[in-house]
Amino acid sequence: MRILYLHQHHSGPAGSTATRSHAFAEALAARGHEVTIGCGRYDGAATGLVGSFRHGRREGRVSRHRVVEFDIRCGNAMGLAARSAAFLRFAARAVPLAASGRFDVVVASSTPLTVALPALIARRLCGTPFVFEIRDPWPELPRAMGGVPRPVLAGMERLADAACRRAAAVVALSEGMAGTAVARGADPSRVHVVPNGCDLQLFGPHLAPWRPAEAAPWECLALYAGAHGRANGLGTLLDAAGVLLARGETRLRILLAGEGGEKPALMARAAAEGLTNVTFLSPLPRRALGGLMAGCQVALHVLADVPAFAEWTSPNKIMDGLAAGRPLVTNQPGRAARIVEDGPCGIAVPPGDAVALADALVRLARDPALREGMGAAARRQAVTRWDWRVLGERFCALVERAGEGNLPRSPSLLRPLGTDSGGQCPGAKKGRGFGGGSPSPDLPSSP
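Using full-length UniProt numbering, the first residue of the sequence shown is number 1, and each one after it goes up by one.
What the hints contain is simulated information worked out from the structure, not anything from laboratory work.
Glycine residues also receive a C-beta, built at the ideal position from the N, C-alpha and C atoms.
Please note that a few of the clues may not be correct.
Said to hold, decoys possible - Simulated restraints, written as ranges between beta carbons of each label pair:
no.	residue 1	residue 2	range
1	E175	G32	43 to 51 Å
2	S52	A216	29 to 37 Å
3	D305	P368	25 to 33 Å
4	A92	A144	23 to 31 Å
5	P344	R251	19 to 27 Å
6	P217	G274	39 to 47 Å
7	R338	R394	15 to 23 Å
8	A92	G51	20 to 28 Å
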């Protein structure tokens, strides 16, 4: 089967961002499928391709799959307008690839939600079925956080409805996300949960540990590794650091590794308040992050106080901490709290409660036996429930089922992968809208 996996923020293990699309592409290729990943140039990502871009793209084979990378930069530190423009540019460049007639099934991985556009167009022009993968539910989360103009939210609504209703299968990363797809009209029998998982090779007790130079030998290190954006609520971590200093607590150091629009302000605040127990680190490649996690004693999962996050998120930070065998401290109720209660493998505190967060860190810092027991429970949960290899098999089966109804096309009718022209499939009629039948009223005129 020929599979196109569209994920604008794709990265391999050499990058500092999530590797779900890489892991699943490799799993599909291992089952004998011809897999192509279409992606953009995401800050912190490493697609595995080298060399210069020609006509705004480069492509090549990476391990078992092929990658087509468009020269469209996107990152957490960019403003809303710049990121929105990048989302639309990627969708536009991905349309000719998806609608080339070359693929038996398309996987459209959101966010951003605009990745659904090329999948919907390929379905309409070529009859190519697609799998809609919901990593974050849009527009539900942007609406909950605020700051997005109403016309943009309205466009998102219509596009999300179309994607959920017309996908051959919807893959959600949590039960809460699956519920949003059903609410948008997806057939419940076509909605499946395949959560984020654990890379047991990149994280675990087998790795050589390392600690940053700022860390004293006696300090218990609590690591947050991820985006430094508005949604992450990292101000609470700085609040907790201030509480620890006020108490004269010298056993703890908080590490923040990553990048994002809020990082400069966070660093300035830490310096102004004299938070000497906080260390900021640059984004780390996943392999280096695994070693740092092995050298730390606590894994941190922190988000802003937004109730929607409780069931509508599936953070990699939790999975990395579990795989590393480290006790987790989360400030989220719902799904994250249920995960740490299993074992237990960590401590859940209320969102926005810096004192409770500081108390949890002190409890773990002063009790090595508690840390060891929770860490063992974390690794055990990672191995038995969240192994990428097991989740990958489930994902592969869903993609294969989605593509079963698409008959092979004659190779003589396929355009070469290297061309960016011809966004219409062989035999497709001109002038049609998206979806099946007449032009769809569900898609926005401007997403």
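Comparing the hints with the structure gives:
no.	hint	verdict
1	E175 / G32: 43 to 51 Å	violated, 31 Å
2	S52 / A216: 29 to 37 Å	violated, 45 Å
3	D305 / P368: 25 to 33 Å	holds, 31 Å
4	A92 / A144: 23 to 31 Å	holds, 28 Å
5	P344 / R251: 19 to 27 Å	holds, 21 Å
6	P217 / G274: 39 to 47 Å	violated, 22 Å
7	R338 / R394: 15 to 23 Å	holds, 20 Å
8	A92 / G51: 20 to 28 Å	holds, 23 Å
Hint compliance for this structure: hints 1, 2, 6 are not met, and every other hint is.
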